[in-house]
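K.L.:
These are the residues of each chain, in order.
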Amino acid sequence: MTIRKNIARYSLFVCLLFATSYAGIARAVEPYEIVTHPSVNEKTLSKSSLRAIFGMRLHAWPDGTAIRVFVMRDDAPLHASFSKEQLNVFPYQLRLAWDRLVFSGTGQAPDTVASPEEMLSKVASTPGAIGYLTKSKTDGRVNVPEIK
Amino acid sequence: MYLRSNNGMGKRAPWAASVFALSALVCSLSVQAQALSKLLQLPEMPKLPHNLQIHGFASQSWLMSSGNNNFFGPSSSGSGSFDFRELGLNASMRPLSRLQFSAQMLSRTAGQGSPGNVRLDYGFMDYTYFSGETSQLGIRLGRMKNPLGFYNDTRDVPFTRPSILLPQSIYFDRTRKLAIAADGVHLYGEYRSDLGDISFQAGVVRPLVRGDETEAAVFGGQRPGHLAPEISYVGRVNYELDGGRVRLAISATQLNVDYAPNSDNLLQAGSLRFTPLVFSAQYNAERWSITSEYALRHLQLNNFGAIRDMDYYGESYYFQGAYRFTPAWEGFVRYDVLLTDKDDPYGKKWVAENPRARTGLADTRFAKDMTVGLRWNVTPEFMLRVEYHHVNGNGWLSTLDNPNLNNHSRDVSQRWDLFSILGSYRF
Numbered sequence: 000m001t002i003r004k005n006i007a008r009y010s011l012f013v014c015l016l017f018a019t020s021y022a023g024i025a026r027a028v029e030p031y032e033i034v035t036h037p038s039v040n041e042k043t044l045s046k047s048s049l050r051a052i053f054g055m056r057l058h059a060w061p062d063g064t065a066i067r068v069f070v071m072r073d074d075a076p077l078h079a080s081f082s083k084e085q086l087n088v089f090p091y092q093l094r095l096a097w098d099r100l101v102f103s104g105t106g107q108a109p110d111t112v113a114s115p116e117e118m119l120s121k122v123a124s125t126p127g128a129i130g131y132l133t134k135s136k137t138d139g140r141v142n143v144p145e146i147k
Numbered sequence: 000m001y002l003r004s005n006n007g008m009g010k011r012a013p014w015a016a017s018v019f020a021l022s023a024l025v026c027s028l029s030v031q032a033q034a035l036s037k038l039l040q041l042p043e044m045p046k047l048p049h050n051l052q053i054h055g056f057a058s059q060s061w062l063m064s065s066g067n068n069n070f071f072g073p074s075s076s077g078s079g080s081f082d083f084r085e086l087g088l089n090a091s092m093r094p095l096s097r098l099q100f101s102a103q104m105l106s107r108t109a110g111q112g113s114p115g116n117v118r119l120d121y122g123f124m125d126y127t128y129f130s131g132e133t134s135q136l137g138i139r140l141g142r143m144k145n146p147l148g149f150y151n152d153t154r155d156v157p158f159t160r161p162s163i164l165l166p167q168s169i170y171f172d173r174t175r176k177l178a179i180a181a182d183g184v185h186l187y188g189e190y191r192s193d194l195g196d197i198s199f200q201a202g203v204v205r206p207l208v209r210g211d212e213t214e215a216a217v218f219g220g221q222r223p224g225h226l227a228p229e230i231s232y233v234g235r236v237n238y239e240l241d242g243g244r245v246r247l248a249i250s251a252t253q254l255n256v257d258y259a260p261n262s263d264n265l266l267q268a269g270s271l272r273f274t275p276l277v278f279s280a281q282y283n284a285e286r287w288s289i290t291s292e293y294a295l296r297h298l299q300l301n302n303f304g305a306i307r308d309m310d311y312y313g314e315s316y317y318f319q320g321a322y323r324f325t326p327a328w329e330g331f332v333r334y335d336v337l338l339t340d341k342d343d344p345y346g347k348k349w350v351a352e353n354p355r356a357r358t359g360l361a362d363t364r365f366a367k368d369m370t371v372g373l374r375w376n377v378t379p380e381f382m383l384r385v386e387y388h389h390v391n392g393n394g395w396l397s398t399l400d401n402p403n404l405n406n407h408s409r410d411v412s413q414r415w416d417l418f419s420i421l422g423s424y425r426f
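As given, the protein sequences belong to chains P and V, one line each in that order. FYI, in numbering that gives the first Met the number 0 the residues of the first sequence are 0 to 147. FYI, in numbering that gives the first Met the number 0 the residues of the second sequence are 0 to 426.
Bound conformation, chain V alone:
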């Protein structure tokens, strides 16, 4: 099923990865049953052959928002939204010290954009070509997570996120499929010294673009044709000083997607090129961490006919501070800004281009989100979180959850609040 929902993986991408994923899943179910009966002894796992490791997570959130601004389901309704659920199960095996197989199945429910279908999140073979005391070089083949910023690689795992919702300016949930993973080949390497560790990942891939979510993000709604992935490039360089006290990263990606109009009598066979450049920095002390990321997002749309050719830069950034009161309690504050077009921060020029259709809609061109939140590690395996957002702008609201977002009958507010609670278990 996941084969169909994700980009015809079965047709062109390495089939071996999906076969491995299936067998890992079947195998993992029996292992999981054993694990459940030994729940009290966790995290000690049953002895598994060939360094086989099974890990997973399950999380459930509740969201409540003001006005009529819906995020991840009917969050503005009286009872809020429970439509945010993440379930993942992965297996990895290292038959040789140089060779690893890994795969993860993921089910994600997040409003209308993610219906919760089970799909292959990643599945690949990793071969370390060279490994020494201070350096290594290797290759990965299959479906890998795109190295983008600090959080994209594990964006659906609540334990690895700084908050319930990642900063939406950079980690848009609206366009996640385009950015999350891709099929192809990656090279990676690392060099460690007293002056710090430098590592890189670089890949040639085909992005995952099928599905309503990507179409809604590109066209603001569904079209009769379909989007087709083209050869794309991903890359990231990381620098870590003193075991991660200071972490710096630069990520550069160029995603290419074509549109096949089929019976679409409005749009022609256009092409889309999305080129985000992300700078990331983090400082980690015992009690506190500060993190900031800045993204310059170059978007080009060409030859769609009815949609005018576009070429502009979006800008995103956030500042985030986290404080660990005790190892079990952590609080954070974040200010997050999204500008759809950095030369038109409040959407004025965009409205002026077509005042009849766009007057009153300028708030879809930006979003400024002030967030505070609290995390409680009840046990190492179970975590609770709460957070509160005050948002000015609707730049990252989805048209799937807010069908009237882009027309005059809309009832969303420019300034709105979002409250959320999350519980997450991992093993």
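So here's chain P without its partners, still in its complex pose:
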């Protein structure tokens, strides 16, 4: 009985340990915005549209222009914050959803950029593009729609 109790206590301790270390990984990131190519006319985007767009299931803007999605790498802190706060999903879920589309042929993966600078230049130069960027890196070359 005591042994069992001890094992339970030990497991609880290990779980707590992992939980705290995990919280440490999800460090805060600078404020960021959703950015689009200047030709994208949407002033506001609904959360569900945003999720469909980044889930690679909505392929065109209302005017028919093809949507081009840009994301950071899965392990980028900004990507994790954006996924959780704006889409309400975890990066591993997004990756699995994209993999299911790509490897069954029923969809495509978003384009991955390596840095905020590349995000800005790709979104600013690709018609129909959407991405996310820290506020301090954003400039007038991209639109910033409001998320409702």
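Everything labelled a hint here was simulated from the structure, so no lab data went into it. Even glycine gets a Cβ: it sits at the ideal position worked out from N, Cα and C. Hints may be right or wrong, so weigh each one.
Per the computed footprint, the stretches of chain P lying under chain V, defined by three or more beta-carbons under 8 Å from a beta-carbon of chain V, are [as the list claims (entries may be wrong)]:
1. 36-49
2. 136-143
Just a sample of chain P residues kept apart from chain V, beta carbon distances all over 10 Å, derived [as the list claims (entries may be wrong)]:
3. V28
4. E32
5. S103
6. G106
Please build the complex by placing chain V on the supplied structure of chain P, with the hints as guidance.
P.N.:
What follows is chain V alone, placed relative to chain P:
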């Protein structure tokens, strides 16, 4: 070559898909060469026209089992088995926002059942007839993966699987060709709202049934005649709440296959109908996921002559829990049960029907598999996995890897263990 090995695709199925696949493959080889020289810059791909995307994966496993129970090659031998290898290369192109072409070539080595020949895994045209902010409706033509449960669509891609081996009760590797893909037409649709997203796929298709694997699964060995696909139906409805926190699915499939006896003087022109119904559920939290699937498999065999007419329900289910210690380390536990005939869970009635031939073989009618495993994402592109299975029963062992499985000179054990390691790269 893959045309011949897969169901005479060239004869009746859309030839356009295979032409596209070939050109995609040729095109992809040069692109891949470029990609390799830029290995350090991956995953950034070279700029490709028309939203052309090239992706692929390569994996190699090693399996070691106890007793004489062989799974995917001579796994019970002293050095284990390296006969489990998966290579895939796909291309997709979206010339219009409503139109996509996709194809994947696959080479899979998995013991005697899959010799590793390159074949067309899927190749189809996808046209979105209607697409709005909250809904869409479209059609696919060509060879599509069958929508069956959570994992069938991408079952050969290690990164999309929860483990090295999928739960064998539902995703039998023994009968994979019958279930994996089919030629025909699919309709699909989706409706998104605050109450969740509902989507469906439904198709009329001809299954892929040529090859030793399917014959071995149906007859327990090779016959002089051949199996011929008939019109079959596939369908799945998915529900996702909150971007996939909760995922539910129901899949229903009816596969019809006829037997042409040719010079077979034992079996007559019989027919087989396989009707699996799969219920799937998953909950995803940040650190952990739980998944369960239940399948009721209705099998009917009629008019084969020497094989008595059969009509029974098999039952399969598993429970699986996964825990992400960190984004790079994930562990899982699973309990997986296969009952070939749910009204005869231990094969007793089956033995009683023909005691002389079947005594001692009851363990081929079920399998209970307890599995634990660990996954390490070394980089986003490279993954290592280990897992350990303790299995009671031989219900999903293949007669191709275990030729004596169904006779009295067998040397397999009812309780056995399987250990496996896998390395997989993707781009």
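K.L.:
Each of the hints needs a verdict: does it hold here or not?
P.N.:
Hint check results:
Look at the region 36-49 of chain P against chain V: 3 of its residues bring a Cβ nearer than 8 Å to a Cβ of that chain, three or more, so the hint holds. For the region 136-143 of chain P, the assignment as covered by chain V is violated, since 0 residues bring a beta-carbon within under 8 Å of that chain's beta-carbons and 3 are needed. At roughly 16 Å from the closest C-beta of chain V, the C-beta of V28(P) stays outside 10 Å, upholding its exclusion from the interface. Under the 10 Å C-beta cut-off, the non-interface status given to E32(P) relative to chain V holds; the minimum distance is some 20 Å.
Under the 10 Å C-beta cut-off, the non-interface status given to S103(P) relative to chain V is violated; the minimum distance is some 4 Å. For G106(P), the shortest C-beta to C-beta distance to chain V comes to about 8 Å, within the 10 Å cut-off, and the non-interface label is violated.
Of the numbered hints given earlier, the model fails hints 2, 5, 6; all others are met.
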